[in-house]
Each structure stands twice: as structure tokens, then as C-alpha cells.
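I would like the entire structure built from these sequences, with the hints used as guidance.
So you can see what is in the structure, the chains are spelled out below.
There are 2 protein chains.
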Amino acid sequence: MNDILHYLQGELPRINAFLDAEADKLDPIVQPAVKHVLRAGGKRLRPLLTVLTARAFETQADIYPLACSLELLHSATLLHDDILDAAELRRGQETAHLAFGKGSTILAGDVLLALANRLVAEYGLPRLTLVLSEAIMRTATGEVKEIANVRNTALTHDEYMEIITGKTAYLFQAAAECGAILSGRGPEAEQAAHDYGLNLGIAFQLVDDALDYVSPSDVMGKHSGGDLREGKMTLPFISYIKSLDEALRSELLARFTADAFTDEDIQRIAAEVVAGGHAQTTRDAARHFADEARKALSAFPENAETDLMAAILDFVISREK
Amino acid sequence: MNDILHYLQGELPRINAFLDAEADKLDPIVQPAVKHVLRAGGKRLRPLLTVLTARAFETQADIYPLACSLELLHSATLLHDDILDAAELRRGQETAHLAFGKGSTILAGDVLLALANRLVAEYGLPRLTLVLSEAIMRTATGEVKEIANVRNTALTHDEYMEIITGKTAYLFQAAAECGAILSGRGPEAEQAAHDYGLNLGIAFQLVDDALDYVSPSDVMGKHSGGDLREGKMTLPFISYIKSLDEALRSELLARFTADAFTDEDIQRIAAEVVAGGHAQTTRDAARHFADEARKALSAFPENAETDLMAAILDFVISREK
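Chains as they are written, first to last, in the working numbering: chain H, 1 to 321; chain G, 1 to 321.
Since the hints were derived computationally from the structure, they do not count as laboratory data.
It should be emphasised that the depicted structure is a prediction, and the values quoted were computed from it without experimental measurement.
You can trust all of the hints, since none of them are fake.
No copy is singled out in the list; a pair is fine if it fits within one copy or between any two copies.
Once the Cα atoms are required to be at most 30 Å apart in a straight line, the calculated DSS-like pairs of lysine-lysine come out as:
| no. | residue 1 | residue 2 |
| --- | --- | --- |
| 1 | K242 | K321 |
| 2 | K35 | K321 |
| 3 | K102 | K35 |
| 4 | K295 | K321 |
| 5 | K102 | K43 |
| 6 | K43 | K321 |
| 7 | K25 | K43 |
| 8 | K295 | K43 |
| 9 | K25 | K35 |
Written out as C-alpha cells, the structure is:
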């Protein structure tokens, strides 16, 4: 954990400086919404993943435009997501669409998507654009599936996995895979990076969904049970309702479908989900994917970056916020 | 005009078949919104422009994935635009965000942007991605400027030109320039195509803005004076208010700013704009840009496609709908 923090402390200023410089080059009229999302204190996980993978494979090229493109793509999806979730806060700050209007925010997202594509195209490696475009298509598709399945109590475990892989894991996969592509080490390295990123992303989202039930409001910056409130069927809740007897489950699901939970209901159900071990079950599932990601690291060269990528797996499955 | 129609009749089925096939390959959950916008009866001007430019420069490669990417990018901007304009109808049909929800429509637009990038990346020519990404950035920036200047009576003629160049002309420019890039004929051909497309796009939008005041509702599928109703300061109105005496202008602009026009006001002002020759002034401005586009054609090879691109200029400035 200290190693990760130390590495982050070295990388974050470079990543942030690059992002700031690109934002400053945009037309002044789109800068406010763009800077609002870029400076909202993101963890820069995706660019860090690109930096680490590229370094692990001993890349000589300038990594930062590529790495930062991943953050620009992620930021674009945040701008668009907050509109469709009608979110009022992100990381404790007013969301961009409330501060600058829906129209400008949709378009600022489009500018970021296009800027990322342009930065990546400048490398002259069309495979980078292919991998990133495919990831963006899959991310948006996963998000449409998530919206379409709000309050759908028939959602299966497989469908849930498809949604979280879509909305989160493909961008992690692309972040790592692009780092390997830039290294020029060939298909085996790219496949290993792909597998590491995809499994890390799934583990990350599973833990996120577990923490949504566990964290008190002051840790996550939002109330626990937020997914339940929004009608999202995530693994802790899917696992919990399976544990109930038929009559109780029917009644609960009917009220879930009808969006009829009170704040007290949400708090009580969240407590029962945790007490019944269903958040822990979700963490256990995350551990399986972290293990798969760890296997992929065996095809990586042995060096400090590969060690850090293993340490990140431990951090992701044990994190408490 | 008959030549253009004849060429279109040959090309449209191929363009539409390619677009249909790509839409069918998408995840079923995003297909409804995507097909809704792709099948809404667009004129396919941008892909046609790519096809014509590529053929004019005797391109050997398969033109259709590139040409259709331009339509996909244009369709993505339409999906996003209709949300920010809160438009209810497009080409006489209910808009996608009303039919499928804002969230799914924003994301369907993102899928189309990414699909276009992927199709273009498959050519292995990063310059195509560079030109298209730059065009999308400028298009979105132009649209943000348009929103920011709604009911801004201080908008200058130059700022108006910047907005229409942004929101419309850069995508025309990219459509033509990409056709020339694909031909491999080099920088002079690319610059000529760039100049043709940019000037054609400006002329096209100027005529669109003139027609907004001229067309009765049954021709455009919307009421005349729509821009005035939406608070958009376009050239016919800018030219009209300049012709008024100070007192009349102040009163009119105060009511424009306050969004206080009745339907009768709109019809009366639209009639005065036309009677005062201000729609015609706008068409005359369009003719200037069409002439600039025609000059760019002198660097094109002499062939049937180049002749058609000249005919398109005549069509664009004389069109009545």
C-alpha cells in the first residue's frame, strides 16, 4: 500500500499537469465543464494502469498522452452518466450538468471523447484507437443495460456480471492493453495486459458494489444503500434476496419494483445484507477475479511495476472506501 | 440536379445497406435508438461527400466504411443535439430521447461516436482519425457556443459565422478531406478537399438559416421562424434588426431577450425579414462561400465526380427546402 502511494505521489502530478495543459488548450467556452470534471479529485486509476503496464513492458515512447486519454474517456463517461443518473453530487461537488446545464455537459463529454481519440491517433498506431473505441462502445452498452434493468427483479447473476463488466471492466482492460500495445512487445504481452485489466476491473466494481452496502455515509461521501435506493440490482442484494423465504422475498421485491422503500427500509435492508454476509460474498467473488488478474501477471517481466500491479490487486479487494 | 439525383440513387442503397449492417451488429439493447436515428430519412450528404471526393481522386480502397463513419458521427451529434434543444420532432418523427429516454439516447450517441472511430481505425491511417476527432471537437464546441449565445442580442456577425462554421462546416470539411486522405494523393489534394468541404458546409448552413425564415411549415416539416422562436440569432435576423431604426430595434430586442414573442409576432417578423430581403442577403452570403468551394475544385482531377461536386454547389445555394 505504501509502495502504491509512493508511486502515485510521483505519477499524479505528471498526469494532472498533462490533463491541465490539454484542458487549457480547449476553446474557453468548453473549459469550465471540462475542468470541473477533470479537477474533481479522481483517483486516476485508469491512466495509472496504462503507465504501469507500459513501464512493466519497458516502453520507450512518451506514455502520458496515451495514459491521460484514458482519464479523458473516463471523465467523458462521468459527465454523461451523471446526467442519466440525475446525480446531484460527485465526490462531494455539484455535478457538471447542474453547474453548467445538460446541453453544455453532454457536449463537453463529446469534446473529451474526441480529444482522447485525437491524442491517441497522434501515436500513429491504429490498434490503440481500435482497442479504445471498442472499449467505449462496450462501456456505453453496459450503461444502457444497467438503465434498462433498473428495478428489474428478474435480473440474473450472469446479467449482473455482464453489466458490471460492461460499465467498468472494459475501460480498465483497454487501459492496460493500450500500455502493452505501446510497448511493441507483441500479442502475448497484449493478451496478458488485457486479462489483467479486465479481471481487475470486474474485481474493482464488485468491491464497489459491496462497499455501497457497507460504508457509512462519511466514508463514501454518499449514503449507504445508494444502489438499492436507485433500484440497481447488485450482487449483495441479489445474494440477500435469495436467502429470504418465498413470502418475504415476494413482498420485498414488490416494494423494490414499486420504488416504495422508505429511508428506514433502506437502512434496515442494508444492515441485513451486511449481517447476512452478502457484502462479504461479493468481496469473495472479487477475490476470484483478482486471482485471475494475478495469473495474467505471470506473463509480465519481473520488475518493480509488475510487483506494484500485484499489490494493486490486494489493495482493490481489501479497500474500505 | 438530375445528375445528382441519379448518382444518389446509385449510392444511397449501398450507404444505407452498410449502415443497416453495422447497426445490426450492435448489442440488441442499443439498436432501437441507433436505428431510429439512422433510418429517419437523412439526406446522407456527408457520406456522399466522402464518396465523391474519394472517387474524384480515384481512390482504390473500399470507401463505404469511411463514408458511413461520417453519417454515424453526424447521427451521434443529432441524438445529442435533440436532447439539448429539447426537440420533439426530427424529420416529422418523434425524437429518440422522447421515444427511448435521455439516458439511453446519450449513450447511443456515444456508441455511434465510438463505432465511427473503430471503423476508421480499421483503415490503418491515423490521419483519418486525427481529422475526424478534430472535427468532432470543433462541432461540439460550436454547439456549446450556439447554446451559450441563445437570446444574446450582442452576437456579432463574426461570432455567428464562427458558430455555424463550428456546428456544421467542420464535419463537411472532414467528410471531404478524409476522402482525399484515403486516395493517397497527398497534401495538395487534401487541402483542396478541405477547402471545398469547409466552404460548402458554411454555404449549406447559411441557406438553412435563410430557409428557416422562408419556408412555410409544410416544406421544412417545421414552422417558419423556428430559429427566432428558439432565440437563435442567425444572419437573416441580424441583418433585419440592423435595418430597423434605433427605437424599434431596442424594443424588439428587449422582447427577443425576454422570450416574449407571440406566435403572431414570429410570423410577422419572419414575413418582414423576407420582405426586407434579409433571407436573400443570407443566400447571397452563401453564394460567396459556394464560389470559394468552386475555386478549390480547380485542384481536383477533371472527371464526372468533380463535375457533380460543382453541381452540388449550385444545388445547395438554390435549394428551396
